[in-house]
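Enquirer: Put chain Y on the given structure of chain C with help from the hints.
From first to last, the protein sequence lines are chains C and Y.
Counting in the working numbering, the first sequence runs from 1 upward without gaps.
Counting in the working numbering, the second sequence runs from 1 upward without gaps.
Note that these hints are calculated values from the structure, not bench results.
For clarity, every value in this text was computed on a predicted model and none was experimentally measured.
Just so it is clear, CB atoms sit at the ideal spot from N, CA and C, and this is done for glycine as well.
You can trust all of the hints, since none of them are fake.
Computed from the model, here is a short list of chain Y residues facing chain C with C-beta under 8 Å: (1) Q6; (2) V58; (3) V66; (4) G95; (5) G98; (6) M227; (7) R256; (8) I257; (9) A258.
There are 2 protein chains.
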Amino acid sequence: MSDPRQTPLVRSLPSTVPFVAPERLEAERGVTFDARLGANELPFGPSPKARAAMAEAVEDIWKYGVADMPALRGAIAARHGIAPEAVTVGEGIDGLLGTLVRLYVAEGDAVVTSDGSYPTFNYHVAGVGGVLHKVPYRGDFEDPEALVARAAEVGAKLVYLSNPNNPMGSVHDAAAVQAMIDSVPEGCLMVLDEAYTEFAPASSRPEIDTTDRRVIRFRTFSKAYGMAGARIAYGIAHPEIAGSFDKIRNHFGVNRIAQAGALAALGDEPWLADVVEQVARGRDRIARIAQQNGLTPLPSATNFVTVDCGRDGDHARALLAALTARGVFVRMPGVAPLDRCIRISVGTEAELDVLAERLPLALRDLGAG
Amino acid sequence: MSDPRQTPLVRSLPSTVPFVAPERLEAERGVTFDARLGANELPFGPSPKARAAMAEAVEDIWKYGVADMPALRGAIAARHGIAPEAVTVGEGIDGLLGTLVRLYVAEGDAVVTSDGSYPTFNYHVAGVGGVLHKVPYRGDFEDPEALVARAAEVGAKLVYLSNPNNPMGSVHDAAAVQAMIDSVPEGCLMVLDEAYTEFAPASSRPEIDTTDRRVIRFRTFSKAYGMAGARIAYGIAHPEIAGSFDKIRNHFGVNRIAQAGALAALGDEPWLADVVEQVARGRDRIARIAQQNGLTPLPSATNFVTVDCGRDGDHARALLAALTARGVFVRMPGVAPLDRCIRISVGTEAELDVLAERLPLALRDLGAG
Chain C
1 MSDPRQTPLV
11 RSLPSTVPFV
21 APERLEAERG
31 VTFDARLGAN
41 ELPFGPSPKA
51 RAAMAEAVED
61 IWKYGVADMP
71 ALRGAIAARH
81 GIAPEAVTVG
91 EGIDGLLGTL
101 VRLYVAEGDA
111 VVTSDGSYPT
121 FNYHVAGVGG
131 VLHKVPYRGD
141 FEDPEALVAR
151 AAEVGAKLVY
161 LSNPNNPMGS
171 VHDAAAVQAM
181 IDSVPEGCLM
191 VLDEAYTEFA
201 PASSRPEIDT
211 TDRRVIRFRT
221 FSKAYGMAGA
231 RIAYGIAHPE
241 IAGSFDKIRN
251 HFGVNRIAQA
261 GALAALGDEP
271 WLADVVEQVA
281 RGRDRIARIA
291 QQNGLTPLPS
301 ATNFVTVDCG
311 RDGDHARALL
321 AALTARGVFV
331 RMPGVAPLDR
341 CIRISVGTEA
351 ELDVLAERLP
361 LALRDLGAG
Chain Y
1 MSDPRQTPLV
11 RSLPSTVPFV
21 APERLEAERG
31 VTFDARLGAN
41 ELPFGPSPKA
51 RAAMAEAVED
61 IWKYGVADMP
71 ALRGAIAARH
81 GIAPEAVTVG
91 EGIDGLLGTL
101 VRLYVAEGDA
111 VVTSDGSYPT
121 FNYHVAGVGG
131 VLHKVPYRGD
141 FEDPEALVAR
151 AAEVGAKLVY
161 LSNPNNPMGS
171 VHDAAAVQAM
181 IDSVPEGCLM
191 VLDEAYTEFA
201 PASSRPEIDT
211 TDRRVIRFRT
221 FSKAYGMAGA
231 RIAYGIAHPE
241 IAGSFDKIRN
251 HFGVNRIAQA
261 GALAALGDEP
271 WLADVVEQVA
281 RGRDRIARIA
291 QQNGLTPLPS
301 ATNFVTVDCG
311 RDGDHARALL
321 AALTARGVFV
331 RMPGVAPLDR
341 CIRISVGTEA
351 ELDVLAERLP
361 LALRDLGAG
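Extracted from the complex, chain C is given alone in its bound form:
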């Protein structure tokens, strides 16, 4: 029963969680995961410098943070060669997306994304009463031309592209992304989610231009920086757009320890470079394991490999269930035809050993091994 005092919009919404945590699955299914390969986390964790900074920051946890985070925003700005005013920091990209949709999307406003792309973006759009228009992938890629065409057609306030893409691991080159930015229709803002960009070639990143009001880009400390549980990420945009987050955001919402960790993490580029190499090796190993089992790994510019299981969604869901039952946590795309795949995050060597051992068993469970 919904509370009749709540807004008509809220009463119309389901009570959902975009993702079920592995700990929750363990409790519900009575399994223990020996390999945590489903949430695109980074098991190598953050830089030792970031860990030390976070441990030290525990001592100051009694203090509120600083709402505008000048040190962190300054360091982010210096890294990208932009002004701090072009940077807004929030509680993960999820938190920033939640604020963004409130800034741009009134009830009934159109928003465009790809069918099968990031569910939490869709969740936040629904939460403000936006009307989602979904464009199919072109093969395993989001389709920039179709996205902007649909945005123009429906008069969208926002059009979303993730580059690299989750859940498929595919990436467009910078020219294609820049062409999309250049063709965003008047009245629409392009949301460029670059959560995985550190794993991707530099040639996939268009130059940052904070004089351009057509795009906002999001980066995170959850992926390559190994701090998913810290909830800290940032947006890069024209200063007037970045600054507008201050109108409605939870100003003191970013944990102080997370701020300290993020600042220190930015100062350890060798660690980041090493992580990116480790992840590349892990992707190669996942691809080999998939191939050894007759499955087809898709090329990936992220810290996961999306594996084509060669049949339909029911087959992939059955394989995912078999892997879950055998203690391997993976996830998969939610929408056909992407759902012929499962998505396997790079784990530790030991976790990938578990994958190598259990994937053939899971396939055999299906009578397909």
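Expert: The following block gives chain Y in isolation, referenced to the frame of chain C:
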């Protein structure tokens, strides 16, 4: 210039921060604060158990948290003798208030609060286009009868009461608060902000009844638990109300280290009891210092003492500025007649030594010492 693509509501909003951080004041005013007595923080910090749990949780920061936080919600529920389903956890009371207003307040809906009470609540109400109706304090107390009368008159969706009250430090007894709950008009939800309740006598807390749909209560780890920078707090309400936060909240928004710290903090009741005693001694000392300088401390059920400076708001503002210039960070109420006061948080003994030394100097700066 506002972005014409943003919603009409957002375009109408100013870009503001409800509170200026002391670090920001230091940078802007060129001062260094020797006594940080303005943000109602707890300089004694969290329980050593909570510190240890947070330091340990740094090692797991690469993992996302669990959206529904079963361990923490279970511990909170056990503490209050309620069901975990009656508990919702969020990024500080500020974060929870931000979600609450989105659940209940559509553009143009009425909300009632006291004139001079918590500015961040007002900020969030404005952020969803709610229309604030403000009731004057009765003396230095929020006025429950006037609040519910106004709520009935304007058909308010929410009516806010903080007990104990910030910024005045005053507290109502449980019977008065229960009487307010019992008289909340149909169609309205009472928001009972109990951020400071651990410092107040038990006789100020009405029994928790999660079958009652008329009220939601908020508690925090920012004040008596000494974790302001962690951003973690909880709401207690009928399970259908608490559960409705899941419709729009940032499910993975609470930092994992904060969750670990909160859970451990709940397990150290002796520390909490000790903190409450230390704070009571600190309040007594602030009251004595105020009296020694010819000022009038108001009774306080919080970790701050609101001090009547005996004249008007201009006088109190001048005293606050003089204290700031002399390295003492304090804040003050924003609205007459409350703004005849300054608000001094309990600090360490050393910080209160600084206060004792500099308050007479600051008064002399005004030519009033």
